[in-house]
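I would like the entire structure built from these sequences, with the hints used as guidance.
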Amino acid sequence: MEALSVLIVEDEPDLLALFQTVLKRSRRIDTILTASGGEAAIRILKQEVPNLVILDLAMPHVSGNDVIRYILSEPRLDKMLVMVVTAVPMRLSNESIPRVAMTLIKPVSPRNLEAGVMQLLTSPHLESLESSTEEASR
Numbered sequence: 051m052e053a054l055s056v057l058i059v060e061d062e063p064d065l066l067a068l069f070q071t072v073l074k075r076s077r078r079i080d081t082i083l084t085a086s087g088g089e090a091a092i093r094i095l096k097q098e099v100p101n102l103v104i105l106d107l108a109m110p111h112v113s114g115n116d117v118i119r120y121i122l123s124e125p126r127l128d129k130m131l132v133m134v135v136t137a138v139p140m141r142l143s144n145e146s147i148p149r150v151a152m153t154l155i156k157p158v159s160p161r162n163l164e165a166g167v168m169q170l171l172t173s174p175h176l177e178s179l180e181s182s183t184e185e186a187s188r
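For the sequence shown, the positions run 51 to 188 when my numbering is used.
Treat each hint with caution, since some may be false.
[Said to hold, decoys possible] With a cut-off of at most 16 angstroms between alpha-carbon atoms, the simulated EDC-like pairs for lysine to aspartate or glutamate come out as follows: (1) 96 x 52; (2) 156 x 61; (3) 96 x 124; (4) 129 x 62; (5) 156 x 98; (6) 96 x 116; (7) 129 x 98; (8) 129 x 64; (9) 156 x 52.
[Unchecked claim] Label-pair distances were calculated between CB atoms; the ranges are: (10) 125 x 67: 31 to 41 angstroms; (11) 108 x 52: 30 to 40 angstroms; (12) 138 x 68: 16 to 26 angstroms; (13) 63 x 159: 15 to 25 angstroms; (14) 119 x 77: 26 to 36 angstroms; (15) 81 x 128: 18 to 28 angstroms; (16) 71 x 123: 15 to 25 angstroms; (17) 123 x 75: 16 to 26 angstroms; (18) 169 x 81: 32 to 42 angstroms.
In short, the hints are calculated from the structure, not lab data.
Backbone N, C-alpha and C define an ideal beta-carbon position, used for all residues, glycine too.
Take a look at the structure:
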């Protein structure tokens, strides 16, 4: 099985630390990257292709929506999953927001965060990502 990586993008330091702690408990996730804002997230995404991005939308300067626009502009990130975790409830379904596989509304419990991440990381979409990555590396 391929090593799995997650990028957490959250501007609130306490939540960033909590999300990181929750994900460290998973034996399935090998690498946890963190960014304290959208600008840092884009810098990381220029170098890394995590399996999943956990993304806050309401951040100063470079918002989560800006990060999603960047992701959409980069073909090499096509298979990456995005989970939005936000305090701003969205009226749109996940299907209406490009590339968002799941949305959690803050406050989110550690149990719900972990369950959502595990659901996405074990989804058929991820299995096709792993197949595509293996084929590309041949």
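The hints, checked one at a time:
1. 96 x 52: Measuring from Cα to Cα gives roughly 21 angstroms; hence the hint is violated.
2. 156 x 61: holds, 13 angstroms
3. 96 x 124: Holds, because 9 angstroms separates the two Cα atoms, which is no more than 16 angstroms.
4. 129 x 62: Violated, at about 27 angstroms.
5. 156 x 98: Violated - the C-alpha atoms of residue 98 and residue 156 are around 27 angstroms apart, more than 16 angstroms.
6. 96 x 116: Distance ~14 angstroms between residue 96 and residue 116 Cα, so the pair holds.
7. 129 x 98: The given pair, whose Cα atoms are some 13 angstroms apart, holds under the 16 angstroms limit.
8. 129 x 64: violated, 29 angstroms
9. 156 x 52: Distance ~31 angstroms between residue 156 and residue 52 Cα, so the pair is violated.
10. 125 x 67: 31 to 41 angstroms: Given a distance of about 33 angstroms, which is inside 31 to 41 angstroms, the answer is holds.
11. 108 x 52: 30 to 40 angstroms: Between residue 108 and residue 52, where Cβ atoms are some 32 angstroms apart, the hint holds.
12. 138 x 68: 16 to 26 angstroms: The hinted range 16 to 26 angstroms holds for residue 138 and residue 68, with Cβ atoms some 19 angstroms apart.
13. 63 x 159: 15 to 25 angstroms: holds, 19 angstroms
14. 119 x 77: 26 to 36 angstroms: Because 34 angstroms falls inside the window, the suggested range holds.
15. 81 x 128: 18 to 28 angstroms: Given range 18 to 28 angstroms: holds, Cβ gap about 20 angstroms.
16. 71 x 123: 15 to 25 angstroms: Cβ of residue 71 to Cβ of residue 123: about 32 angstroms, so the range 15 to 25 angstroms is violated.
17. 123 x 75: 16 to 26 angstroms: Because 34 angstroms falls outside the window, the suggested range is violated.
18. 169 x 81: 32 to 42 angstroms: Once the Cβ atoms are compared, 19 angstroms apart, the range 32 to 42 angstroms for residue 81 and residue 169 is violated.
Hint compliance for this structure: hints 1, 4, 5, 8, 9, 16, 17 and 18 are not met, and every other hint is.
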